[in-house]
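Chemist: Please model the complete structure; the sequences and the hints are all you need to start from.
Mapping the sequence shown onto this note's numbering, position 74 (from 1) lands on 74, and the numbers just tick up by one.
Incorrect hints may appear among the rest.
Unchecked claim - Simulated crosslink set (DSSO-like; lysine-lysine; CA at most 30 Å straight-line):
1. 56 - 229
2. 171 - 184
3. 281 - 252
Hints listed in this document are in silico derivations from the structure and should not be mistaken for laboratory results.
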Amino acid sequence: MGSPGRFVSLPARGSLAKLCFREYGEPNGFPVIFAHGNLNSRLYAPAWEKTEEVTKAANVRLIAVDRPGVGGSTPQPGRTYSSFAEDIEVLVDTLGLKRFGVAGFSSGGPHALAVACEERLGERVSSLSLISSDAPYKRIGPEMIKRLYGVENLTAEIALQNAQTNYDHLKTSYLGMTKENRRKLAIEDVEEAVKQGLEGVAADSLLETGDWDFEISNIKSPVTVWHGKADTDVPVESSRFLVDLFPQTCQKKINYIEGESHSMIRRHWNSILEDLVSASKL
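Modeler: Have a look at this one:
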C-alpha cells in the first residue's frame, strides 16, 4: 500500500538528518500532509486495508510523515512543534507543493496545527483537519495531565516508562486481533514506530504536557475538528478546550460524534478526506 518510505534531507538539522515519509492515494490528487498518532508511524493505515482505495477515491495524495526519532526519520533531541513545522516546509518545498491540506490524528493534532500556524506556511495551508487531537494540557491543568499520563509532572524518565508500557499493551492487543490483514498492518506500524527506540514516542508526550511554542492565533486556514464523545484515550474535552483557543476569525467546523471512540478515524476516513478537499476550496 503506497510507497514504503522516501526521504528528504534536512540540512539545518545536520548533514545526515533526514525526514522519512510515505505517499499513497492518488498521485495527482489534492496533497495532504498527515501527522500520525503516538506509537504510530508513516505506516499507519487510517482505514485499515481500505486506506489506499478510500484515499484514492477521494482524489487525495496523502503524504504521511515520520516524526523525528520515529520510523525512518533522524532523531532530533529537543525537537518542538515549530521545528516539525520547519521540517514540513522543507518537505513541501522539495515536493513542489504550492498549496496543501494538513491532517493530524491524536498526538499528530498539535503537530498539524503547528504547520498551519507557521507564518511562512500559513497562506499555503488550504485546509486543516484535527482528529481526536491532543490539547495544550498544561493550560488545562495538572488534573488532566494526571488523568492521561498518571502523574501531574511528566518527566522524561516517566514518559519513557509510559511509552514502554503503552507499547507492550498495544503489541499484546494487536497480536490478539482476529483479522489477519489488520493484525499485520497494526504490528508493522507499531514496530516501525519504535525501531529507533522509545525516545521519539516519549517526546510527543513531553511536548503535549509542556508549553506549546507556536501561536494558535496565527491560523488562517479553515479547520475541521473530529472527536468521538466516547473517546477514553484522548477525551473530547481536549478538543473542546482547543477549539476555544481558535481566533474568532477562524472558519471552523466541529464534529463531536456520539458513541465514537479514539479509533473513529477508522470509520470516518472518507468523510475526513472529502472535507479536507472541499474546505480547501473555501
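Chemist: Within 30 Å, alpha carbon to alpha carbon, are residue 56 and residue 229?
Modeler: holds (29 Å)
Chemist: Would you mind confirming whether the straight-line C-alpha gap from residue 171 to residue 184 stays at or under 30 Å?
Modeler: holds (11 Å)
Chemist: Quickly compare the C-alpha distance for residue 281 and residue 252 to 30 Å and report which way the hint goes.
Modeler: Holds, at roughly 14 Å.
Violated hints: none; the structure is consistent with every hint.
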